[in-house]
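S.K.: Whenever a hint applies, use it, and build me the whole structure from the sequences.
In this text, residue positions in the sequence shown follow our numbering: the first is 1, and each later residue adds one.
Check each hint, because a few of them may be wrong.
[As the list claims (entries may be wrong)] If you anchor each label on the Cβ, the simulated ranges turn out as follows: (1) 192 x 406: 37 to 47 Å; (2) 5 x 197: 47 to 57 Å; (3) 328 x 245: 45 to 55 Å; (4) 152 x 27: 22 to 32 Å; (5) 281 x 148: 27 to 37 Å.
Hints are computed from structural coordinates only; laboratory data are not their basis. Bear in mind that the values here come from a model prediction, so they are computed numbers and not experimental data. Built from N, CA and C at the ideal position, the CB exists for glycine as well.
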Amino acid sequence: MKQKQRTQVVIIGAGPSGSVAAALLHQQNIDVIVVEKSTFPRFSIGESLLPACMEVIEQAKMLDAVTAAGFQFKDGAAFRYQDRYTAFDFNDKFTPGIGTTYQVQRGNFDKVLADEAVAQGVEIRYLHTVDAIECLANNSVLTIVDEQQQKYTIDADFVLDASGFGRVLPRLLGLEKPSHLPSRQAIFCHVTDHIDTDLCQVEYDRNKILISVHPHSADVWYWLIPFSNGTCSLGVVAPPHWLAKYGDDPLMVLKQLVIEEPGLANVLAHAEYPQVASTIGGYSANVTQLATSNYALLGNAGEFLDPVFSSGVTIAMKSAQLAAGVLGRAFAGENIDWQRDYAEPLMLGVDTFRTYVEGWYSGELQTVIFHPNPAPKIKQMICAILAGYAWDTQNPFVTQSQRRLAVVAAICAD
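M.R.: Structure follows, in structure tokens:
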């Protein structure tokens, strides 16, 4: 084994939360090493960003690089159910702040962020995997396997787990616990879309993610995320037992389900599909604790809800921003309580998103979204959350999310 190394912070994973956290820590002159098991670019799901992300990207001094990358402009979200169509313009929202963002191929997007972190002076070690961790009283010792399969150790004052669905620390430290959200399965692929809005017989806006609901099963929904190169990310989410009746070929299942939603079928009438589609299931996850004096879990490494409102990258970046701020105070000598200073503030927004995810599947939120005459102020408040501003305590649909949603849904249902 190589000689032990030392740093102030080790970050596991160079995805959005890892790269952003590393840049924010480097700005504060905190020594950081990022270990990443893959090489970039690499495929990742979660391609539709929310405007709230952009403020964190700007704080990390990565906005110019992201803007220059040529990603698809996004200014809102559109929803379709049977003959009903509604759109949310993220500029017309309750919460002040940026109202536009991008739809991104995550392989390219993640590489842009990681490369920008390196350009700022961050060290990222690709093809390095965390094999073990020992949490001690004042530090942690990580055992790392490098690209030559040689082991070495790093002594770190603190560890940030930004490993996403890899969930390295929850797995190594036994932190995982089941999500209370029902198990769902997603089938997805990238299609060459050939969408011609002049020929579409239904309304379509390439600057918005399109969420379509299956006409006969309201808990089954589709995403269509357009990219700037003429392709789209296409996916369907449903209970596993519901999908099983369609057979075991994911691509054929996806194609059949597109046919069953006439509006989506019209938009994708000339699409070219790949040879195979991918599937992922049981992705909702939770942990027993988000942070201690040794480590903090960022983004999906801590909790993942559901892809319906594209909250994953936003939660990841918010967690990176919060953790970097708390670590800056800790290394400056402040007395830090990670539950009070990190976990509770982060969970404010996560729990807000959770309300609307659960409301989507219960039907309450769909009742509100597809109401033909929405109250403008209420739509602006919900729009702010859909835009990622789930931490705005001035918004009653954040601070009283469950009660407010239930009341408005009951009114809309009358």
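S.K.: Work down the list of hints and note, for each, if the structure agrees.
M.R.: Each hint, compared with the structure:
1. Residue 192 and residue 406 have their C-beta atoms about 43 Å apart, which keeps the hinted 37 to 47 Å range intact.
2. The hint said 47 to 57 Å for the Cβ distance between residue 5 and residue 197, and at roughly 55 Å that hint holds.
3. Checked against the hint of 45 to 55 Å, the pair residue 328 and residue 245 passes, with Cβ atoms roughly 53 Å apart.
4. For the pair residue 152 and residue 27, the supplied restraint of 22 to 32 Å holds, since their beta-carbon distance comes to about 27 Å.
5. Range check, residue 281 to residue 148: about 35 Å between beta-carbon atoms, so the 27 to 37 Å window is met.
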